[in-house]
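Those protein sequences? They're chains A and B, same order as listed.
Number 309 in the working numbering belongs to position 309 of the first sequence; there are no gaps in the numbering.
Counting from 1 along the second sequence, just add 416 to a position and that's the residue number in the working numbering.
Keep in mind that the hints are not guaranteed to be accurate.
In the EDC-like style, the derived pairs of lysine to aspartate or glutamate whose C-alpha atoms are separated by at most 20 Å in a straight line are [to be verified]:
1) A:Lys-297 x A:Asp-343
2) B:Lys-433 x A:Glu-94
3) B:Lys-433 x A:Asp-73
4) B:Lys-711 x B:Glu-755
5) A:Lys-358 x B:Asp-759
6) B:Lys-625 x B:Glu-596
7) A:Lys-46 x B:Glu-479
Distance ranges between label pairs, derived from CB positions [what the hints assert, rightly or not]:
8) B:Thr-667 x A:Glu-183: 34 to 44 Å
9) B:Lys-828 x A:Ala-184: 20 to 30 Å
10) B:Thr-667 x A:Ala-184: 28 to 38 Å
11) B:Asn-437 x A:Glu-148: 31 to 41 Å
12) A:Pro-396 x B:Lys-828: 42 to 52 Å
13) A:Lys-25 x B:Asn-796: 20 to 30 Å
14) B:Lys-675 x A:Gly-45: 30 to 40 Å
15) A:Gly-45 x B:Pro-751: 20 to 30 Å
16) B:Thr-667 x A:Lys-156: 24 to 34 Å
Just so you know, the hints here were simulated from the structure itself, not pulled from any lab data.
Values in this document were obtained by computation on a predicted structure and should not be read as measured data.
Cβ atoms here follow ideal geometry from the backbone N, Cα and C, with glycine treated the same way.
There are 2 protein chains.
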Amino acid sequence: MLEKFFFFAVKFIIMQKLIKNLVQKNNSKIVLVVLDGLGGLPVNGKTELDAAATPNLDKLAKESACGLHIPVDVGITPGSGPGHFALFGYDPIEYQIGRGILEALGLRLDVKNTDVSVRCNYATIKDSLIVDRRAGRIPTEQSKKLTEKLQSRIKKINEAELIFAPGMEHRFAVILRFPEPLEADAAAINDTDPQLEGKPPLYPSPLSKSAERVSLIAEKLINAVHEVLKDEKQANFILMRGFSVKPKLPTFEEAFGLKALAIATYPMYGGLAKLVDMDTPAIKGSVEDEIKFLKQKYNDYDFFFLHVKKIDSYGEDGNFAEKAARISEFDELLPQIIELNPDVLIITGDHSTPALMKSHSWHPVPVLLKSPYVLGGLCNSFSERECYKGELGLFPTIKLMPLALAHAKRLKKFGA
Amino acid sequence: MLEKFFFFAVKFIIMQKLIKNLVQKNNSKIVLVVLDGLGGLPVNGKTELDAAATPNLDKLAKESACGLHIPVDVGITPGSGPGHFALFGYDPIEYQIGRGILEALGLRLDVKNTDVSVRCNYATIKDSLIVDRRAGRIPTEQSKKLTEKLQSRIKKINEAELIFAPGMEHRFAVILRFPEPLEADAAAINDTDPQLEGKPPLYPSPLSKSAERVSLIAEKLINAVHEVLKDEKQANFILMRGFSVKPKLPTFEEAFGLKALAIATYPMYGGLAKLVDMDTPAIKGSVEDEIKFLKQKYNDYDFFFLHVKKIDSYGEDGNFAEKAARISEFDELLPQIIELNPDVLIITGDHSTPALMKSHSWHPVPVLLKSPYVLGGLCNSFSERECYKGELGLFPTIKLMPLALAHAKRLKKFGA
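Construct the entire structure; sequences and hints are all you get.
See the structure below:
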């Protein structure tokens, strides 16, 4: 762990502090549009971006700085957490976000620095052995009722307040909220899921001294839940995974001097923005509704993160045509954003999700950055192949925020 | 030195461990073809790759991910050790391979973690002064006899077993094999070669506490050799250089989860692969024989390193036409590799050896990576200039292994 923190410290001192020292404020507006899973791969020679009808993106690309960015490292496929953290300017290897936190954020829980977040499964136990790790994938409605029952019966264990949040089918999340902020390794506890059926559940063993207290509470929680659920046929036990504390991060405003608004209909993405203290009002509706909200709030913030989810979803489904169609749909709405005339407009993704692969991938993500201070004239359209000709080249995603600040004239000169 | 080791630890923990944690196994096959010294420079406007007839490489380049990689760092000319270690995914600055080891590997010695490897010269000493540092470059045959004589007379000094291996002319290697693994600085001993004739040989002084014992044995060895050879006219003494222990490395299988076979007719390259525990059977013959061997063993391994030497040799000779001819020759054989249809096929070099320079050089090395999951369509042929247009861009060579694993679907997603 020492080495890890040392590296953190070095990077913080050298780069994040450098940027922080150069930050200056002005009235500029920066809009970052994240088309989730944007990057693709060719099917019959054309990628999703090639196949989509994108006259507005193409026009913008011609006059923008274009390139491709690599979220984590060459060959590494990012999850949504690392992908977004890199876009927000936080090194995704240094600031790793536990799976428990992502689950909690996705279920609209508010994660504080006093919390241990855990993702849980209902499971079936018989004679001390796990006979079904997913409790027969019980219906979401039933799972919700059980979770509400747990919340009403188990409110506190030792000094930890408990917050339950129902999820889909057998899944839910729980937060153990302590009275004071927790240390970085306070949730270093192994998963209790034995991974194989017919085995006993594992004990939530502490992997660090400071995790002992959380471990004891987790054990009591498992027993208390079993006491409440013991007469259930299927969901009579829980398995706990991904114990995590919120990483210690500078807020977005501390790091970049920007008052930021996150506009995202899927809770997890707003949740990720909330981890760096962006404002993240709960929003529902279409991409057009998101853009309306952007217009409404345009005078109140410096920085806007607008998240478009469906492009990724169709990529994950392997539905090339629908992924392309969602890109075309965004392209039709794009003029509404351009009309706002932000000082810096960035359009990109958090990672690639080629329909060909039906999954996130490691491929660099195309990006365009529009501002009065770009070279431009290098790309004929907005596509993976054209972006390779662009002035931004192939670069680590965490450099995007310094680029945005620079083009917004929000970074002073370095040195005399 | 502290910083160096500390940095080592950090890098190991953060990146190598990251990859190791993401590695998953499947049945994919990865073939890495190393055309030694591939990269070149233009003579009359064309590089060796431009001048060579390469219809098969050109076709492959059109549908592959292409780019250029930098083995050590910008402007740094790599030796064969660093060049190959970088290709194998090991940071060549962190894992430095001593010259004694390279010499021993080139002479088909097996280097263990209990060994100190040293490259030696026969020399002529008179009145305690070195009068010929190369013993008149005695014929290889004579040198071989002397080395065999040394081996028969000097088998052990203190606890160290001695293994001699004859080389070309005045050169040979010796290994001091200890009963137990050695510490990283156990061979921190200065060369005994005074570099100038007319000077006395230097004492093999220890530069660290743990090198003292090796130093004493080296001194005894020098005296014992002189006792055996004292009546020789020319080769009556030895100079020792490049004392080295095997660096502590994770094996290739530990690092990447791949069962690997090295196919190389020149012993040093198989030896480099053996340092990371690839299987390295002794092989003789032409490039076509190497490819035959690849076919024979194709079902038994996950990863194949196939080394083609002659391209570099002609580069070193400054023979542009022959270097290009050897590239053309490989191109004719390439369909035999393509027929195997590996999941990932990489064709590249370990460094550039422009015939124009008659030496290794620092120039980035062209690479193509063929897999179903590439963008492709960016390069018209396989050449230095075309590779600059490719999707891999200009990147550190050590990123090639993560890329290979990613394209073979052998890396899990990072973060949720």
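The hints, checked one at a time:
1. Under the criterion of a C-alpha separation no larger than 20 Å, the hint pairing Lys-297 (chain A) with Asp-343 (chain A) is consistent with the structure, at around 16 Å.
2. Restraint check for Lys-433 (chain B) and Glu-94 (chain A): the C-alpha separation of about 13 Å stays at or below 20 Å, so the hint holds.
3. Under the criterion of a C-alpha separation no larger than 20 Å, the hint pairing Lys-433 (chain B) with Asp-73 (chain A) is consistent with the structure, at around 13 Å.
4. For the suggested pair Lys-711 (chain B) and Glu-755 (chain B), the alpha carbons sit about 10 Å apart, so the restraint of at most 20 Å is met.
5. With a C-alpha separation of about 18 Å, the suggested pairing of Lys-358 (chain A) with Asp-759 (chain B) holds against the 20 Å cut-off.
6. Pair hint Lys-625 (chain B) plus Glu-596 (chain B) holds up; C-alpha atoms about 17 Å apart against a cutoff of 20 Å.
7. Distance hint between Lys-46 (chain A) and Glu-479 (chain B) is fulfilled; the C-alpha atoms sit about 13 Å from each other, no more than 20 Å.
8. Between Thr-667 (chain B) and Glu-183 (chain A) the CB atoms are about 35 Å apart, so this pair conforms to the stated range of 34 to 44 Å.
9. Between Lys-828 (chain B) and Ala-184 (chain A) the C-beta distance comes to about 24 Å, which sits within the given range of 20 to 30 Å.
10. The hinted window of 28 to 38 Å between Thr-667 (chain B) and Ala-184 (chain A) holds, with their beta carbons roughly 32 Å apart.
11. At about 37 Å, the CB distance of Asn-437 (chain B) to Glu-148 (chain A) agrees with the hint of 31 to 41 Å.
12. For Pro-396 (chain A) and Lys-828 (chain B), the Cβ-Cβ distance of about 21 Å falls outside the hinted range of 42 to 52 Å, so the restraint is violated.
13. About 48 Å separates the C-beta atoms of Lys-25 (chain A) and Asn-796 (chain B), a value inconsistent with the hinted range of 20 to 30 Å.
14. As the Cβ distance of Lys-675 (chain B) to Gly-45 (chain A) is approximately 35 Å, the hint placing it in 30 to 40 Å holds.
15. Checked against the given bound of 20 to 30 Å, the beta carbons of Gly-45 (chain A) and Pro-751 (chain B), roughly 23 Å apart, stay inside it.
16. Taking 24 to 34 Å as the suggested C-beta distance range, the pair Thr-667 (chain B) and Lys-156 (chain A) does not conform, at roughly 50 Å.
Hint check: violations occur at hints 12, 13 and 16; the rest are consistent with the structure.
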